[in-house]
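Trainee: Please put together the full structure from these sequences, using the hints given.
Those protein sequence lines, which keep their order, are chains D and G. Under this note's numbering, the first residue of the first sequence carries the number 937, and numbering increases by one thereafter. Under this note's numbering, the first residue of the second sequence carries the number 937, and numbering increases by one thereafter.
Among these hints, one or two may not hold up.
Since the list can't tell identical chains apart, any single copy or any two copies may satisfy a pair.
What the hints assert, rightly or not - Derived pair list, reagent style EDC-like, types lysine to aspartate or glutamate, alpha-carbon separation capped at 16 Å:
1. Lys1054 with Asp1027
2. Lys1175 with Asp1116
3. Lys1054 with Glu1009
4. Lys1018 with Asp1159
5. Lys1068 with Asp1027
6. Lys1176 with Asp1074
7. Lys1175 with Asp1115
8. Lys1043 with Asp1141
9. Lys976 with Asp988
10. Lys1005 with Asp1141
Bear in mind the hints are in silico, worked out from the structure with no lab data behind them.
Number of protein chains: 2
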Amino acid sequence: MRNIMITIEYDGTNYGGWQKQNNTLSIQQVIEEAIYKITKERVNLISSGRTDAGVHAIGQVANFMTNSKILVEKIPNAINSKLPNDISVVDAKEVSFNFHARYSAKKKRYKYVILNSKYKRPIYRNYSYYVKYDLDIDKMKEEIKFLIGEHDFKSFMSSGSSVKTTVRTIYDVNINKQDDLIILEFEGNGFLYNMVRIIVGTLVDIGRGKIDISLKNIIDCKDRNKAGHTAPACGLFLKKVYY
Amino acid sequence: MRNIMITIEYDGTNYGGWQKQNNTLSIQQVIEEAIYKITKERVNLISSGRTDAGVHAIGQVANFMTNSKILVEKIPNAINSKLPNDISVVDAKEVSFNFHARYSAKKKRYKYVILNSKYKRPIYRNYSYYVKYDLDIDKMKEEIKFLIGEHDFKSFMSSGSSVKTTVRTIYDVNINKQDDLIILEFEGNGFLYNMVRIIVGTLVDIGRGKIDISLKNIIDCKDRNKAGHTAPACGLFLKKVYY
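Mentor: Written as structure tokens, this is what we have:
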């Protein structure tokens, strides 16, 4: 028996998210089926965490136990040969039995892409959040800094999730404009349900002057109603998981 | 009557190319239908040139004559309201009657994207040419320079097109590596049928060491058989047309 860690890139557009569920095709299910075709084993693929419907990943990490004798360096191409072209295994490693893609994760980095142009741009339609309003990037750059550090991020959590604590630590944030694209990055020890999307939605609301309250105050309020809207899934990318 | 010039961005993935034809949906046809819904006029939309099936555009230009009284600054949103989300009008201007999107074009700039990584990356699957081989970028940078200037590019033209002359002038070339992506740009007074794709295919063949002949020699031979393969349509973007 071996414990195999794989790194996965996917375009989440046509899936109901990472996790297996009824009535919709999940990324987990598609990869488990591909592994079955290779190994004839029904594995339980454990990921670093769910991604919602429409969310993409550049560096999702998952692990599974297998008795298959396949050489680890052949695993990506073997699985990929059974995957559709919107999911790709880009790395595989044998890891110790106590490695758990979710519980062993120390940090995660997310990227969020905003398309800020006068008209929609088709090339980016599935990979960005289209915002037509003028955005005050300098203000957004100032505000985003308030996220750094250990805070209770309750204001930035959608209801419907049960967690022991809403305290998380953000180690790094970044916001960068490249032509029509505004690219945000967030690195932290964990993220609450919809946290990145609510932070981005709030930053957009602040940047266009729709709400006039600092992120610092919103954090202090611990009240979802004080934050802005939830930015759409299609702009979000799970970029990297650190172990 | 007014002559309206529009700039169009499209994702060519799901189309049989720019030009109207039987049995396949064309970008021209879809935009003409959208203009009809707005103006009730059956216009003839003239573009700067055809793009093949699967080729994208960031800055395709087209013009049409209309008796519609719609304000020119309202044209992009009006047409876009009738377009699918993989085509978008991003600019509109009223131009003189002698403006012709094809005959008035002075220069064109194309971009070509190669994905050069160990494994396929789903996010780029419709917008790049996946090449898994190691490529000698330095050699490709040296070779691409031979394209600059006025040359007979007969070696880089697919059969099936009739042109008066195969002489064209390339004003600028660029090749740039950004992580897994190799981005090439070509600016010239005109391009032969499949010229950019054959140039890119040849550069890839040279970069991976499959063929050992300089672009300079291939140009001199004026023989399509001396050049490399035709790179796929999905990596190609019509970036800008100059008037």
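Trainee: Compare the structure with each hint and give your call.
Mentor: Now for the hints, and whether the structure bears them out:
1. Lys1054 with Asp1027: Between. Shortest inter-copy distance 9 Å satisfies the 16 Å Cα cut-off; intra-copy 39 Å does not.
2. Lys1175 with Asp1116: Between copies only: 15 Å across chains, 21 Å inside a chain, cut-off 16 Å.
3. Lys1054 with Glu1009: For Lys1054 and Glu1009, the Cα distance is within 16 Å only across copies (12 Å; inside one copy 46 Å).
4. Lys1018 with Asp1159: neither (45 Å within a copy, 40 Å between copies)
5. Lys1068 with Asp1027: between (38 Å within a copy, 15 Å between copies)
6. Lys1176 with Asp1074: neither (27 Å within a copy, 30 Å between copies)
7. Lys1175 with Asp1115: This pair counts as between: shortest inter-copy Cα distance 14 Å, intra-copy 21 Å.
8. Lys1043 with Asp1141: Neither. Shortest intra-copy (27 Å) and inter-copy (41 Å) distances fail the 16 Å Cα cut-off.
9. Lys976 with Asp988: Answer is neither; intra-copy 28 Å and inter-copy 43 Å both fail.
10. Lys1005 with Asp1141: neither (53 Å within a copy, 36 Å between copies)
The structure does not agree with the numbered hints 4, 6, 8, 9, 10 stated previously, though it agrees with the rest.
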